[in-house]
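Student: Sequence:
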Amino acid sequence: MREEGVHEGCMEQIYRMFSQRLYKADGTAPEVDDQNRLRLDDWELRDDIQQHCRDLWPQITSENLKELTDYQEYKDEFLSLFGFGIDGIDYEADVNPNVTFEVIDI
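Take 1 as the starting number for the sequence shown in full-length UniProt numbering and just add one per residue.
To be clear, the hints were calculated from the coordinates, so they are not data collected in a lab.
We treat Cβ as the ideally placed atom computed from N, Cα and C, and that holds for glycine.
Check before you lean on any hint, since a few could be wrong.
[Said to hold, decoys possible] Simulated restraints on C-beta separations:
no. : residue 1 : residue 2 : range
1   : GLN59     : GLY85     : 40 to 46 Å
2   : GLN13     : ASN64     : 24 to 30 Å
3   : THR61     : PHE84     : 40 to 46 Å
4   : SER80     : ARG16     : 16 to 22 Å
Sequences and hints are given; from them, build the entire structure.
Tutor: Printed below as a string of structure tokens:
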């Protein structure tokens, strides 16, 4: 998808959902499928992208997965969305799940 100029990460896809699907600049109603769902897989489902996947899939093995795909980038981005995979964090350290803090009234 990157080669075709339609790669987007998680945050870019979320932005596209809001800017091009839910809150269009022209104010028109969101485009939905026949089951009334917003679809953000339109780029992935393009015929040329699907053909590339069909051509590539038989070549992928456990040994060459990281060379032939963007698996590591996908994994890193996904983990970072939830606060994982961040350099300098000791994920094995004991933490106190019960942290007290002062609640303020507004």
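Student: Compare the structure with each hint and give your call.
Tutor: To see whether the hints hold, each was checked on the structure:
| no. | hint | result |
| --- | --- | --- |
| 1 | GLN59 <-> GLY85: 40 to 46 Å | violated (27 Å) |
| 2 | GLN13 <-> ASN64: 24 to 30 Å | holds (27 Å) |
| 3 | THR61 <-> PHE84: 40 to 46 Å | violated (27 Å) |
| 4 | SER80 <-> ARG16: 16 to 22 Å | holds (19 Å) |
Comparing the model with each numbered hint stated earlier shows that hints 1, 3 do not hold.
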